[in-house]
Structure formats: structure tokens, C-alpha cells
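J.: Listed here are the chains, written in short residue letters.
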Amino acid sequence: MEKNLQYYLDQLKALNFKDMYENDFFLTWNKTDDELKAVWVLADALRYMRQHNISTRVFESGLGISIFRDNSTRTRFSFASACNLLGLQVQDLDEKKSQIAHGETVRETANMISFMADVIGIRDDMYIGKGHAYQEEVVKSVTQGYKDGILEQKPTLVNLQCDIDHPTQCMADAAHIINTFGGIQNLKGKKIAMTWAYSPSYGKPLSVPQGVIGLMTRLGMDVVLAHPEGYEVMPEVEEVAKKNAQASGGSFRVTNDMADAFKDADVVYPKSWAPFKAMEKRTKLYADGDQAGIDALEKELLAQNAQHKDWCCTEDLMKTTKDGKALYLHCLPADINGVSCKDGEVEASVFDRYRDPLYKEASYKPYIIAAMIMLAKFQNPVETLEALAKRNTPRKMK
Amino acid sequence: MEKNLQYYLDQLKALNFKDMYENDFFLTWNKTDDELKAVWVLADALRYMRQHNISTRVFESGLGISIFRDNSTRTRFSFASACNLLGLQVQDLDEKKSQIAHGETVRETANMISFMADVIGIRDDMYIGKGHAYQEEVVKSVTQGYKDGILEQKPTLVNLQCDIDHPTQCMADAAHIINTFGGIQNLKGKKIAMTWAYSPSYGKPLSVPQGVIGLMTRLGMDVVLAHPEGYEVMPEVEEVAKKNAQASGGSFRVTNDMADAFKDADVVYPKSWAPFKAMEKRTKLYADGDQAGIDALEKELLAQNAQHKDWCCTEDLMKTTKDGKALYLHCLPADINGVSCKDGEVEASVFDRYRDPLYKEASYKPYIIAAMIMLAKFQNPVETLEALAKRNTPRKMK
Amino acid sequence: MEKNLQYYLDQLKALNFKDMYENDFFLTWNKTDDELKAVWVLADALRYMRQHNISTRVFESGLGISIFRDNSTRTRFSFASACNLLGLQVQDLDEKKSQIAHGETVRETANMISFMADVIGIRDDMYIGKGHAYQEEVVKSVTQGYKDGILEQKPTLVNLQCDIDHPTQCMADAAHIINTFGGIQNLKGKKIAMTWAYSPSYGKPLSVPQGVIGLMTRLGMDVVLAHPEGYEVMPEVEEVAKKNAQASGGSFRVTNDMADAFKDADVVYPKSWAPFKAMEKRTKLYADGDQAGIDALEKELLAQNAQHKDWCCTEDLMKTTKDGKALYLHCLPADINGVSCKDGEVEASVFDRYRDPLYKEASYKPYIIAAMIMLAKFQNPVETLEALAKRNTPRKMK
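Chains as they are written, first to last, in my numbering: chain Y, 1231 to 1628; chain L, 1231 to 1628; chain D, 1231 to 1628.
If you're looking for bench data, these hints aren't it; they were derived computationally from the structure. Keep in mind the model is a prediction, meaning the values are calculated, not measured. Fair warning: there could be bad hints in the mix.
[Unchecked claim] One-sided and incomplete, this derived list gives chain L residues near chain D with beta-carbon spacing under 8 Å:
| # | residue |
| --- | --- |
| 1 | Y1516 |
| 2 | A1517 |
| 3 | G1519 |
[To be verified] Sample of chain Y residues lacking proximity to chain D, with all beta carbon distances greater than 12 Å (derived):
| # | residue |
| --- | --- |
| 4 | D1263 |
| 5 | D1322 |
| 6 | E1325 |
| 7 | M1346 |
| 8 | D1348 |
| 9 | S1371 |
| 10 | E1382 |
| 11 | Q1521 |
| 12 | V1569 |
| 13 | R1583 |
Yeah, the Cβ is synthetic: ideal placement off N, Cα and C, and Gly gets one too.
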């Protein structure tokens, strides 16, 4: 039986998410279980409404500011889609075209761009210890600006990836898992392998593996983090994962054996990332402007990576998963053997078989972002959805 | 007597364009006569409604994706205007800011940007054998994505210029001719000279001359393609033009004599382009990364061009056209003698005399694009227009 | 007692601004006192409506074109905010991505981008004698295009900064002063010091000091322009300031003594700018492509600046102002001692104390721009506001 809007409204009504109002979305582990559930349910409700051609334009005007300090396609389009779905106009802060180089402070810029901003989305994932701190500074600045009567509204922050977490990605990943397994209640005891995989590039952010272990341990899953020695993630996030697992009745452990992680796994997420300590070192080298050091580090890291080409999601490994049919996840783009590189994260036949589910996984992100915005900007989203349903303006005319 | 909306609706009702629904716009010669007419009529209807301050906002939300693989002003603004007129938000895929370089496939990117896309506009005109193929791959990808349940709608493709055709330009050119001569029925037997002209730059795309001979032969016109030896266009398109002429009762011939083409012409379209074979060669050199070869080819082509400085739209040539008053066309910007270059495509006094008609010619493009979008996205555009007229929301408040 | 919408409507009704309709905003001194007042009142009215969640979306579709020939953050976002507030979609003309380099004329580009443009905002402040002239050429072009039937509406120009004036900035500055002092009527006899200040950069535009002396002399204020010898502004603008002061009952004088300007001032505006004559020289060097000359001039100007490091807005100087509490203004970003540079325009403690008012000052700009647009595009803005109030669509749903 197909779900209807009332189904989602009823689910929302049973959840307590009132603290999300006028708040921000930095890290999943700062949110309660109910709050995360509210994001998933509202995302599904917004998708339902769009599928049924009901406009969810809740803003007549307003800006959604995006700041991308790293290249981006899918997150950029997901943010643009989410803003558009709600009626907000995206305005990108291109730091190259701005006067920020003139020595302007974060506090000043944050306020200057926010006079009519309802949301600010930031990707800043390149330097350990910087991305999350920058997002916090922006939020502190606009919160102060709002309190001081400078801003007529406090824009909500949506973390589009920082050095610690990638919540819009991981929440979309989780939505995909939840829907694949038929509901959160079915995830208890399911095993997910978040494993490192070889890539010929280097320096990929740690926010995905960290976000995954920080979030999936909330769902009662048995989470295994696997990587070669030397590819450790931030210890603080491992601590978060441990505590979460304890609270949810799941488990969390780390292994240096990919096969161990894949064995009987229900879900696998093989993906390259850089060692935390190398990223810390790189951040310092950049801060010092030490180009020779940066080049040497790159060389060293690529050589280190190359020792682990056997960390690849092969057909053979897939066969060892639960019924040989684990759900394969990736945040995309993946490094595919013989397609985008000689040796990479995954064999082409594995990737091909999971293409549709992978694209479906990605399709949740715009709705997840839209839900995060709505929960922060609307005091009673259930009533807002009911009003939208009653208004019943078609998204697209007949 | 001024036309009213009913006039356009009646015209539309007499046409069969039902196959345009959920379809794409690649090349004019893949469309039936009725389908092309539907574009022109709907474009005029949308213009009429805007002139009468009736909002044609048929989308409450939705994205119009643009991908420009070559610089663009007027097509970029035309696409943005068309999307805006219908209520879509333009989101540009700037390949420099994206992660596409990471080895992502066209199939993946096409789906990743399309979750909320109603239209994708692509300009890819630089390399022979590439532009159209790329557009086809994008359409194939999103069509599959829609079928597989990844996308909730299939975005329609609008070809904003490929290596073969430039349909939004040529359809706008034709709209201008049709309106200048008082209707399609008056074009039978009218002579149009699509001629090469000298330019100090090199490597201009062939899509305009190809598009023009492929389209104007549909209208029963006597189409003459003129160029110096060595400046041949794609043979396949010449074949298309021949067949079209036969079917429409017009004619098509090629000459190496500009004067021959201009003689008694009702319409002239003098414009520089690169030889098809040189463009093929260049495409290969780029693919091989052969910079020395590219430089040598550029030198060679500029020298070749310089032998044909006499191919210029002069006052003397214009005097030989029908009553000395042929309609002068150009897709703009033109290379004007003594204005943008010493020697170019056209004498300044000729260009000046036709400035208003040239700008008018360009003004059709936003409406042509909007019409293409509507015909692909709305199953019964006549009913949609009627609903818009009934709703009667002002585009701009009083 | 809080003001209500009727308060603003009554104020507007008492003003004559009918000539602003279908007109443009180049320079404040081309506008009558009533017209400037209409901008301030309408800006406040639009802010009031937004604060009370009343949508001011007066356009269902339409483009706001922006052309930034210099980097910009706050003006870019202010323009985007203003357009969005009224329902217009911003489309930026990025001259690097366009074909303008191909030798296209201003007249042509201006028309090509304006088919659906309701407003064009231009920043062109780099070269003396160029910026304003360029804006005039654009307006002349689209006015002609509209008369010739090319354009279906004449887009209004909003000068987002030229070589002569920076009206959106100075009108926002004035709005801030007016609101701080409780009304225009309270500004008679108030002293404002527009003074040069040291900056380690060079070549900052003169449009702010020129705009300030040209505008504040309209308000009956005692305007003192202070700068070291050699840092003169355009003589024509000094003439404007003198005449304005005479007409308004204020005064205008120039001094080479910063202390003289600050003494008993009610408002101070210390800010770096380049000498007019040096900017003229630079403009010529750029035109000649004389890079050696440009480099030599930069060196010379930085050396000249460095002789005046004592021109800084210090705590000691602030103490000499009226009750030691003059309102400190800046267009931002400021060069702050020990923050963005070693020695700069202002001591950090002064800047910090005025941060909130400075941000408030900046917050007027989006509303000022929106008011300029509305006054040019709507024949009877009072009726339009009344219709908006009656329609009472929430900007953001409940």
C-alpha cells in the first residue's frame, strides 16, 4: 500500500524536534534520535509531495547562500535543488570574486551576505581543524548579528561537508539504507563495513568515513571501520562511534583487515581517504606556505597509498558478504578499475551492478537538505505541510 | 488588426506536435513541419502574453541546467530568460568548479544534476563529432535514469549549439524571416544566400551555416550555400538540405561565388566559419594533445582565410540583391570592417542599416527556447495557455 | 510608537517623484530632494513589510542583470537581495565567460542581455572617465532599443558604483545617519568629516568620498572634506558640493588637516582613496598598455601613501569629536590597525566599538536598491504597496 501524506505527518507528530527550530546542522551526533528521524521523515514527505506535484514553496523570497571552499557538483546541485524546492534563491559566495582577500573578518562577511539569507550552506573540508571551526564562527557571527538587530532573521547553517562530518551525505546514505531494508527498525544487528579503498589520488577528506561511523552506530548497526595501518580517522570521532554503539545496542570496532570487515556484511562502503595525521601535517604545511613540504608529502602519501592496492572492492570480496548481496554504497564519484583509473576503489562489474542503487542513494540528498532547512526555519513543520497540502498549488501546471 | 491569444491557440490546435511531449530538441531536421510550426507559434504566443503582462510562470519550482562548453553571452541570457519566463531557476554546471575531472562518467554527472531538473541546455560546438554525441549521451543517461526510477522526471534537452546544428539560433532566424515576410506561406521561392565571409579570427563553428541550410530548405526557399573552395560544410548536412528542398518544393545548391549567391537574393546571411576538414583535423590534434600541430594549423587556417578577404558583405554586393534590399541576417557578434577589425564579414554601413532588424532577430531566441521547453514538458500546451490566460496573474504588478 | 505602513505611505504621498518612473539612477545630484526622500521612505517601507512578513514580490518573472567590473561582495549580495525581494532573478554578465572580447559593441551587448531585463546594475569604478560614461552608453543603448521596438521594456539602470559616485552606498550611509539622528530635519548644522585615511593598499576608488560630499551637502550638513595635499577629488564634484551646500543652507569646505575635520564633528567617515590625478594617469597607462609605467606609478603611490600614516582614525581623534561620540562610518571593508594590516585607516578599538552601527549602515543597501528599482519601474508605488498589503501573501509561510 502506498504511503500518503498523512502517514508522514503522523510520524512527524510522534517525534520531538522542537529544538531544531532556529538552530543549525553541524554534526549528526549533536542531534537526538528523534531529530534525525524528523529529517528522514520530512525528506520523504517533501519527496512525496513533489512526486504528487504539490508545490512546497514555503518562501516567496529569500536567499540560500552557498560557500564552496572545494569543488563540488552533486552537493552544489543538491543544495540548489533544496533551496529551489522551498522557494529560496541560491546566491553563491565566490571568494575569488569577492573582496574577502582585502582582510575582511569572517564575522563581517557572514553578516554582510546575510541580510536576506534564510540559510547558509558551507563546504569546507580541506584542512583538518579548520572546516568545522569556520562554520562555527559563521554561525556565531550571524547569531550575534541577529541578536544585535543587524539581521532580521538568523540564517540557519547546513554543513555541506566539513573536516569532521558530512551530514547531508551520511543522512542521505542512511535514508537509502533505511528504505532498502524497509525501515529503521530493521537495521538492528545489520553489519555495515566502512572500509578504506585504494585510489590513485590522495588527500580525500575523512568526513565521509567519520560521518558514517558517527551516524550508523546510532541505528543499532554493527559498524566495522576497516583501513590499513596508518589510515586512522580522528580519534574523537571513534569515541563518538563507541558511545553511540553502546547507547543504541549496536557495536563498533576497527580492523586492519578488509576481508574481516566484508565478511557477512549487509552493507559495504569502500572508499579512499587520507590518513588523519597526514592531513594534519598538510594543514600545517599549507599554513606555513611550505610548498616543498607539500610536494614531498604528496609524494610520500601516494607511495603509501600504492602499498595498499589490494584494498579494492572486488567481486571476490562481495561474494563473502551476506548472501553475496551486501548493499554497496559510495558517495560518488568512485575510482573504478579500468574506467576512471587503472586500479581503484572498486571493480567495474561491482559498480555497474549497483549503479541504480548508487544513484538512488544520491537522490536523497536534495530532500535531506530541504528537510534540514525546514526544520530550522519553521516552528511547526507539520502545520506547514498541512497548509501546503490544503493550498495544493501544482509544482508544474497541467 | 492585432492578433490576440485566440489567434495563436487556433493555430496551435491545427498542428500535430504530440510527439514533442517528453522528447528533446537536438536537430531541426528530426522534427516534422508541424512541430517546427508549433515552436514558432508558441514562441509568438508567449511573447504576446508577456507583452500583455500575463505571467507564463508554469513552474512553481524546478531547475533549468545549463552546460556551456564554449563562451556565450546571448545564448546564455536567452536560456536564462526562457527558464525565468516559465518559472525555472537556472543552475549552471561550471565544469571548472565541479568534480567532473575526477573521472566521472557523463552518465553519472547527467543523473547527479538532474534530480530536480526540468530542462538541460547544452552548448558544445567546438569539436567535430563530439558536441552532438555528448548531448545524445546526456539524453540517453537521463532517460535511463527516469526509467530506472532514479529521476522523478526526465529533463528535456535543448541543444544550445552543437557541432552539427544550432537550432535555437536558426529557429529564431526563421521566426524573424517569417515575420518580416508576413508568414511562412510567403517564403516559397524566396532566395536566401548563406555565404561564407572573411574574418580575422579562425575556427568559428559550422553549426550556423549547417543549421540554416538544413532549416530554410524546409520552407520552400531557394537556398544557396556559398563559400570559397576548401570551406565545405559537413556532407551529411548538405544531403539533408537537398532532401528537404526536394520535399518542400524549394531548391538547394552550392557555389564558390559570393556574387552568384547574392544576386537577387531576398535574404543574405554572410558569416565566417572554419572548413569542416580543418575542424576534424583540429579535433584530432586536441585529442592527441599535439600543441605544435594545433599552432601550425591555426597559422595555416589564418593564412587560408586571408586569401579570401574579398568575401565581405559590401554595399556593392547588397545592391545586387532583390531591389537592393535583401534582409541581412547574422547570429552576432559580427566582424565589422573598421569597427571590430580592419577587414571583416560586413561593411559598417551595411551593418548599421540593419542593426534594428538584427537585434529583433536575436530577440526571438528566448521565446523559441521557452516554446521548446513547453512543448516537451506539457502534454497539452493549448490548455496550459488557456489556464494561464484565465489565471491572468500579472507578470509585473501595476 | 512604532511606525506602521500607513506612516510610510503618507510620507510618500507628500513627495513628487513622478520623473523617476522609467528613469535611471546614475548620480544623486541629478535627483531632486523629493526623489531622494522617496528612495529613503520606500526603502524603510519595504523593510517594514519584510519585517512583518508581507511579501513584496511585485514581479512574477523578470531578470536583474548585474555587471561587476570590479570584485564585490556586499554590493553583489545587496543587489541580489534587492532583486530577490521584488521577484527578479539575478543573471550576472561575467565578461570572462562571454563573447564580448570578440569585438562586440556596448550597444549590442546591452540590448542582447536585456530582452527580459527589468533592471541592470553596474559596478565600473576602476578608471577615471570611464565608469560613468560606460553606464550612460548602456542606458542610451537600451533606451534606443526600447524605442525601436527591440526591447519590450526599458531596463532601469542602478549605478552600483562608478568613477564619480557610489549612490547605493551613500544613500545607505545617509539612511543610517537619518535614522541615527531621528530624521532628516535633525541634520541641519550637523558636521560630517569625510576624511582621507592611510591604507597600505593603493588605488581605491574616489566614488565614496565624492558621493558623500555630493549627497550630504544636500541635507543642510556642514561637510568638511579632509585629505593630505595631492589627494584631491574630482574638481567637478567639489563644485557640486559647493552649490548643494549653498542651496540647502549647509556648508562645504576642504582642509588638509584631519584634526580640523574631526573637531566637534557629529559624523566621521575616514577612508582611503587614490589621488584623482594619479587615477587619471593610471587610466591612461592602462589604455596604452604601459605595464612598466603602471608598476612605477604603483610604487610611487604606495610611497606617497606611506608619508601619511598619521592619517588614522585614532581614539585620540575620536575624543575631539562632538562629546567624543561622533558616529563613525565606513563602507567596509576597513583597513584596521593590527587586524587586516599593521597600519591602516582606523584603530581596532574604535572599529570594534562601532561594529554594530557599521553593520546596520550596510544593512540599508539592499532596501535602497530595491526602492530605486521600484521607483523606476512602477508608476504609482503607493498603490503598489497598498495592493501588496491587501494581498498580504506571507514572505515565509507560518
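J.: Evaluate each hint against the coordinates.
T.: Here is how each hint holds up against the structure:
A cut of 8 Å between beta carbons decides the hint on Y1516 (chain L): the least distance to chain D is about 20 Å, and the hint is violated. Restraint check, A1517 (chain L) versus chain D: the minimum CB separation of about 24 Å is more than 8 Å; hint violated. Restraint check, G1519 (chain L) versus chain D: the minimum CB separation of about 24 Å is more than 8 Å; hint violated. A cut-off of 12 Å between C-beta atoms confirms that D1263 (chain Y) is not in contact with chain D; the least separation is 27 Å.
Non-interface status of D1322 (chain Y) relative to chain D is broken: a Cβ of that chain comes within 12 Å, the nearest being about 10 Å off. Listed as outside the interface, E1325 (chain Y) is inconsistent with that label: its C-beta sits roughly 9 Å from the nearest C-beta of chain D, within the 12 Å cut-off. Its closest Cβ contact with chain D, about 4 Å, brings M1346 (chain Y) to no more than 12 Å, contrary to its assignment away from the interface. Under the 12 Å C-beta cut-off, the non-interface status given to D1348 (chain Y) relative to chain D is violated; the minimum distance is some 7 Å.
For S1371 (chain Y), the requirement that its beta carbon stay farther than 12 Å from each beta carbon of chain D is not met, with the minimum near 10 Å. Here E1382 (chain Y) does not stay apart from chain D, with its beta-carbon only about 6 Å from theirs, under the 12 Å limit. Distance check on Q1521 (chain Y): its Cβ is at least 25 Å (rounded) from any Cβ of chain D, clearing the 12 Å threshold; non-interface status holds. Distance check for V1569 (chain Y) against chain D: the nearest CB is about 31 Å away, which clears 12 Å, and the non-interface claim stands.
For R1583 (chain Y), the condition that its CB be more than 12 Å from all CB atoms of chain D holds, with the nearest at approximately 40 Å.
Hint compliance for this structure: hints 1, 2, 3, 5, 6, 7, 8, 9 and 10 are broken, all remaining hints hold.
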